[in-house]
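Build out the structure end to end from the sequences listed, making use of the hints.
Mapping of the sequence shown onto the UniProt record's numbering: position 122 corresponds to residue 122, and the numbering continues sequentially without gaps.
If you're looking for bench data, these hints aren't it; they were derived computationally from the structure. It is possible that some hints are incorrect.
[As the list claims (entries may be wrong)] Pair by pair, the computed Cβ-Cβ distance ranges are:
1) F17 <-> S51: 13 to 23 Å
2) Q119 <-> N30: 13 to 23 Å
3) S51 <-> T130: 32 to 42 Å
4) S51 <-> Y78: 28 to 38 Å
5) N79 <-> K54: 18 to 28 Å
[To be verified] Calculated pairs, BS3-like style, for lysine-lysine (alpha carbon to alpha carbon, straight line, at most 27 Å):
6) K57 <-> K84
7) K61 <-> K125
8) K60 <-> K84
9) K146 <-> K84
10) K108 <-> K84
11) K67 <-> K57
Even for Gly, the Cβ is constructed at its ideal location relative to N, Cα and C.
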Amino acid sequence: RVFLRAVNQFTSVLNRFFLDQTSFELQLWNNYFHLAVAFLTHESLQLETFSQAKRSKIIKKYGDMRKEIGFKIRDMWYNLGPHKIRFIPAMVGPILEVTLVPEPELRKATIPIFFDMMQCEFNFKNELITKLDQEVEGGRGDEQYKVLLEKLLLEHCRKHKYLAASGETFALLVSSLLENLLDYRTIMHDENKENRMSCTVNVL
Numbered sequence: 001r002v003f004l005r006a007v008n009q010f011t012s013v014l015n016r017f018f019l020d021q022t023s024f025e026l027q028l029w030n031n032y033f034h035l036a037v038a039f040l041t042h043e044s045l046q047l048e049t050f051s052q053a054k055r056s057k058i059i060k061k062y063g064d065m066r067k068e069i070g071f072k073i074r075d076m077w078y079n080l081g082p083h084k085i086r087f088i089p090a091m092v093g094p095i096l097e098v099t100l101v102p103e104p105e106l107r108k109a110t111i112p113i114f115f116d117m118m119q120c121e122f123n124f125k126n127e128l129i130t131k132l133d134q135e136v137e138g139g140r141g142d143e144q145y146k147v148l149l150e151k152l153l154l155e156h157c158r159k160h161k162y163l164a165a166s167g168e169t170f171a172l173l174v175s176s177l178l179e180n181l182l183d184y185r186t187i188m189h190d191e192n193k194e195n196r197m198s199c200t201v202n203v204l
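In structure tokens:
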């Protein structure tokens, strides 16, 4: 809670004094995002790893602080306006880490940031694919994430005048890649050599 109060103060100061064109401070904003992401993804806040009793006790006392920080990250990202392009592709990885946290509301709130990045900078696409590969290999991501990522990206792309076709193609590509990566991760523990080889070919 102390950290949350500090983040709220930091948020207020950044928005008031370091956001407009003349006073924008890239390093301060960068530090803010990385600090918030590090807090949100810290192992001590991953409620899924605790017993039901401990999880209930923490939520009753503190709530799920990951959601609070995640919503702040989302709001601060959208506040950046024309400055967003200066954070792409560097922020793709950290935002991906946030969206991979297995909390449904947090995922729904933060996955649309990818669509926003897509509109700002072409390099976003290559960076997302690279980072997704790394994160899944590291054990993160699941079927629910794949379904939600595809659903939200398609919803946003189909409403956009210029990104409808290319955005839909990209969303389906990412979904297909993620499915293959998840299969590959699972099959690597399979004793059947043919299954492993087949899955490797799919990923390639």
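Query raised in the report: Broken hints, numbered, in rising order?
Result: 1, 5, 6, 7 and 8
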